[in-house]
Amino acid sequence: MAHKFIAMAAVTDVGNVRQFNEDSIVTDAELGVAALADGMGGHRAGEVASHMATQIILSGLQIRVAQFRSGAGQPSPLRAIDQSINRANQAVFDAAQRQATYHGMGTTLALALFYDNRIALGHIGDSRIYRLRNDVLQLLTRDDSLLRDQIELGLISATDAGASHNRSLVTRALGIEQSIRAHLREDEASPGDIYVLCSDGLNDLVEDADIELIVSALKTNLPLAATHLVQAAKDNGGYDNVSVILAKILKPFPAASHRRWLARLFGWLG
Amino acid sequence: MAKLVLSAGGSILYQCFLDQERVNVGSEPRNQIVIDDPVVDAEHAVIIPVGNDHILEDLQSVNGTFVNGTRAFRHILQHGDVVQFGGFFLRYLNPRASADMDLERTMLIAGLHGRVDAAPRGSGPPPEEARVPSARLASIRFPKGRVRVIAGIRTGDTIELDRVVATFGRPGDRLAVITRRPHGYFITHVEGRRYPRVNRQSVGKEVRLLHHGDVIQVADQQLEFLLD
Numbered sequence: 001m002a003h004k005f006i007a008m009a010a011v012t013d014v015g016n017v018r019q020f021n022e023d024s025i026v027t028d029a030e031l032g033v034a035a036l037a038d039g040m041g042g043h044r045a046g047e048v049a050s051h052m053a054t055q056i057i058l059s060g061l062q063i064r065v066a067q068f069r070s071g072a073g074q075p076s077p078l079r080a081i082d083q084s085i086n087r088a089n090q091a092v093f094d095a096a097q098r099q100a101t102y103h104g105m106g107t108t109l110a111l112a113l114f115y116d117n118r119i120a121l122g123h124i125g126d127s128r129i130y131r132l133r134n135d136v137l138q139l140l141t142r143d144d145s146l147l148r149d150q151i152e153l154g155l156i157s158a159t160d161a162g163a164s165h166n167r168s169l170v171t172r173a174l175g176i177e178q179s180i181r182a183h184l185r186e187d188e189a190s191p192g193d194i195y196v197l198c199s200d201g202l203n204d205l206v207e208d209a210d211i212e213l214i215v216s217a218l219k220t221n222l223p224l225a226a227t228h229l230v231q232a233a234k235d236n237g238g239y240d241n242v243s244v245i246l247a248k249i250l251k252p253f254p255a256a257s258h259r260r261w262l263a264r265l266f267g268w269l270g
Numbered sequence: 001m002a003k004l005v006l007s008a009g010g011s012i013l014y015q016c017f018l019d020q021e022r023v024n025v026g027s028e029p030r031n032q033i034v035i036d037d038p039v040v041d042a043e044h045a046v047i048i049p050v051g052n053d054h055i056l057e058d059l060q061s062v063n064g065t066f067v068n069g070t071r072a073f074r075h076i077l078q079h080g081d082v083v084q085f086g087g088f089f090l091r092y093l094n095p096r097a098s099a100d101m102d103l104e105r106t107m108l109i110a111g112l113h114g115r116v117d118a119a120p121r122g123s124g125p126p127p128e129e130a131r132v133p134s135a136r137l138a139s140i141r142f143p144k145g146r147v148r149v150i151a152g153i154r155t156g157d158t159i160e161l162d163r164v165v166a167t168f169g170r171p172g173d174r175l176a177v178i179t180r181r182p183h184g185y186f187i188t189h190v191e192g193r194r195y196p197r198v199n200r201q202s203v204g205k206e207v208r209l210l211h212h213g214d215v216i217q218v219a220d221q222q223l224e225f226l227l228d
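In order, the protein sequences belong to chains A and B. Okay, so the first sequence: first residue is 1 according to the numbering used here, each after it adds one. Okay, so the second sequence: first residue is 1 according to the numbering used here, each after it adds one.
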């Protein structure tokens, strides 16, 4: 596509303490895909799981979006991301079964597909997707984490949660079981919106209010905003890997324009 | 592994390891930790393991449960906490549970919701939020700085730099950001063809550390940077 409808900036950093970066990020602005995964498992298996997941999802969506654009089949972004997540789940699960060192590996996932003025998002675990609209940050995902369950069930208050050691305990992950049901959602995406995908290494250390401030203050320079977010997490301790993807909608992106263009092309071909 | 140590009058009476079982505290012998004290109820308090945490809950006792001298109804135990029951002290030891830094790697655990697996699907309003506060290290201190506007809009004003970033200039035209970090304040160009200047020198694309008394020029604004 000659004119970009979305701008993306992404940063992943090992942090101050860890030896390895088990996070993995992929972006394809032309396609409108952003995915972030935070792997878990011993012997660097977390790295393997998160890379497998993001790569398989990206390649799956590349094919599907090309099909949507060419008019082959009914475009169904939510189904496409669901299928790509399931393929990734199967692959990570199979690899973990085959190789002993990979046993028990898994990964969180935050995935966004931008198509036809909408965002389709898929989510597993405690990585997050936020949206900044009119300078207000809103969380679009719900963490699959023990801490979140505890707060929702009223076992502990949100303010007490800061004293908990359950921050890193997730209740769902990709690749752990034969099949998975991701959290799926679809929403309108408007020009000016900035979507923030992040691993818990960011939101565990940087308050939502500061994420909102950084992204809205630096929204005209996305790479600078992304590095600022990661830097803030590291300045606040940075004890985990930190990853951020920022995706800013530059203009409307109706699918119809592709189809019209194709219709014209075919008309012209006779 | 976490451990409980019961003491009174300076001598240790009982110790036990905490695993994934509930531990009841009270005056009746059926409790795991029996405290024979007139201010302690038959069933006084309970310690419940949840993930990496142990949560102490007061069972609506008459005289209350005190953690480090403060009355507690529900409390996430921290390494070194002392829970007082009358003349008895119950100490919680768990080196892994020092609140300062959590080096635990991400791990999978069973959720608490019976129906949490019924993942919400399709479109709809964003889920209501239960905010989990961030776990910023308490030991990190940030410097205190401000800028005084010497020329341009808001001349004479002093602007505290008490957040992680503050932008100056004109959005969409010439914009610079001052970033607060533990080791000082830094200025960086954000957008526009012309770079901010510090003491009449262009910052260019660099990140520049600010010193007390530096004079910053961004768009039409001139600012003096002041550091405590």
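Simulated from the structure, these hints should not be mistaken for lab results. Hints are supplied without guarantee of correctness; some may be wrong.
Some chain B residues close to chain A (C-beta under 7 Å, calculated; not the full set) [claimed, not checked]:
1. 31
2. 49
3. 52
4. 59
5. 76
6. 106
7. 107
8. 111
9. 112
10. 134
11. 165
12. 181
13. 184
14. 190
15. 193
Heads up, simulated DMTMM-like pairs for lysine to aspartate or glutamate below, C-alpha to C-alpha not over 25 Å straight-line [as the list claims (entries may be wrong)]:
16. A:248 to A:94
17. A:248 to A:207
18. A:219 to B:206
19. A:219 to A:28
20. A:219 to B:28
21. A:248 to A:28
22. B:144 to A:207
23. A:251 to B:173
24. A:219 to B:160
25. A:251 to B:160
26. A:219 to B:57
27. A:4 to B:162
28. A:219 to A:94
29. A:248 to B:191
30. A:4 to A:160
31. A:219 to A:193
32. B:144 to B:160
33. A:4 to B:173
34. B:144 to B:57
35. B:144 to A:208
36. B:3 to A:116
37. A:248 to B:220
38. B:144 to A:212
39. A:248 to A:135
40. A:219 to A:177
All C-beta atoms in this analysis are idealised placements derived from N, C-alpha and C, irrespective of residue type, glycine included.
A quick look at each hint next to the structure:
1. 31: Check failed: Cβ of residue 31 (chain B) comes no nearer than 22 Å to chain A, outside 7 Å.
2. 49: Violated, about 11 Å.
3. 52: Constraint on residue 52 (chain B) satisfied, holds at 4 Å.
4. 59: violated (15 Å)
5. 76: This hint holds: residue 76 (chain B) lies near chain A, its Cβ roughly 5 Å from the closest one there, short of 7 Å.
6. 106: holds (4 Å)
7. 107: Where the cut-off is 7 Å and the nearest Cβ of chain A is about 6 Å from residue 107 (chain B), the hint holds.
8. 111: holds (3 Å)
9. 112: Since chain A brings a Cβ to about 4 Å from residue 112 (chain B), closer than 7 Å, the hint holds.
10. 134: holds (5 Å)
11. 165: Hint on residue 165 (chain B): holds, closest Cβ of chain A at ~5 Å, below 7 Å.
12. 181: holds (5 Å)
13. 184: Hint violated; residue 184 (chain B) Cβ to chain A Cβ min 11 Å, cut 7 Å.
14. 190: holds (5 Å)
15. 193: Interface hint status for residue 193 (chain B): violated (13 Å vs cutoff 7 Å).
16. A:248 to A:94: violated (35 Å)
17. A:248 to A:207: holds (21 Å)
18. A:219 to B:206: holds (19 Å)
19. A:219 to A:28: holds (19 Å)
20. A:219 to B:28: violated (63 Å)
21. A:248 to A:28: The given pair, whose Cα atoms are some 13 Å apart, holds under the 25 Å limit.
22. B:144 to A:207: holds (19 Å)
23. A:251 to B:173: With Cα atoms ~20 Å apart, residue 251 (chain A) and residue 173 (chain B) stay inside 25 Å; holds.
24. A:219 to B:160: Status holds; Cα separation ~22 Å.
25. A:251 to B:160: violated (36 Å)
26. A:219 to B:57: With Cα atoms ~46 Å apart, residue 219 (chain A) and residue 57 (chain B) exceed 25 Å; violated.
27. A:4 to B:162: violated (37 Å)
28. A:219 to A:94: With Cα atoms ~41 Å apart, residue 219 (chain A) and residue 94 (chain A) exceed 25 Å; violated.
29. A:248 to B:191: Holds. Residue 248 (chain A) to residue 191 (chain B) sits at ~16 Å (cutoff 25 Å).
30. A:4 to A:160: This hinted pair is violated, its Cα atoms lying about 45 Å apart.
31. A:219 to A:193: Holds. Residue 219 (chain A) to residue 193 (chain A) sits at ~10 Å (cutoff 25 Å).
32. B:144 to B:160: holds (8 Å)
33. A:4 to B:173: Roughly 22 Å between the alpha carbons, so the hint for residue 4 (chain A) and residue 173 (chain B) holds.
34. B:144 to B:57: The hint is violated at about 40 Å.
35. B:144 to A:208: holds (22 Å)
36. B:3 to A:116: violated (57 Å)
37. A:248 to B:220: violated (29 Å)
38. B:144 to A:212: Answer holds: residue 144 (chain B) to residue 212 (chain A) is near 21 Å, not above 25 Å.
39. A:248 to A:135: Measuring from Cα to Cα gives roughly 13 Å; hence the hint holds.
40. A:219 to A:177: violated (39 Å)
Hints 1, 2, 4, 13, 15, 16, 20, 25, 26, 27, 28, 30, 34, 36, 37 and 40, counting from the list given before, are not met by this structure.
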